[in-house]
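Q: Sequence:
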Amino acid sequence: MKKHTLEELTDKYIGKPGTPGRGRFDFELKTDVIGEIIRKTRIEQNLTQEQLVQMIGVQKAQISKIENNAKDVRFSTILRVFEALKAKVNLTVELDSHQNLKIA
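All residue numbers for the sequence shown refer to my numbering, where the first residue is -1 and numbers rise by one.
By construction, these hints were calculated from the structure, which means they are not laboratory data. Mixed in with the good hints there might be a few duds.
Unchecked claim - No farther apart than 16 Å at their CA atoms in a straight line, the calculated lysine to aspartate or glutamate pairs in the EDC-like style are these: (1) Lys28 to Asp70; (2) Lys63 to Glu34; (3) Lys63 to Glu48; (4) Lys69 to Glu34; (5) Lys10 to Asp24; (6) Lys84 to Glu42.
Can you build the whole structure from these sequences, using the hints too?
A: Take a look at the structure:
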């Protein structure tokens, strides 16, 4: 029985890096991970969604959307959530010219 890496299976069934299907997959995976990090951190800090809502001034549905991988959430809201959770956020943007823009 031949073994395959996750990368090989992803290339085969989702698409190779640079293809539209792979781009959507990678984006959804990243937003899912962000939501999971926020949920776990909120729970570790013994905060309910209601308490987090009060800290940042959004509706509870927004927190739920973020934690459940909604794609139409404002980036500014996600940053406010991380700020309320006292999390340090680093953002790296890789441009086509292979230049990196880092925002810490």
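Q: Confirm or reject each hint.
A: Hint by hint, here is what the structure shows:
no.	hint	result
1	Lys28 to Asp70	holds (14 Å)
2	Lys63 to Glu34	holds (11 Å)
3	Lys63 to Glu48	holds (13 Å)
4	Lys69 to Glu34	holds (14 Å)
5	Lys10 to Asp24	holds (14 Å)
6	Lys84 to Glu42	holds (12 Å)
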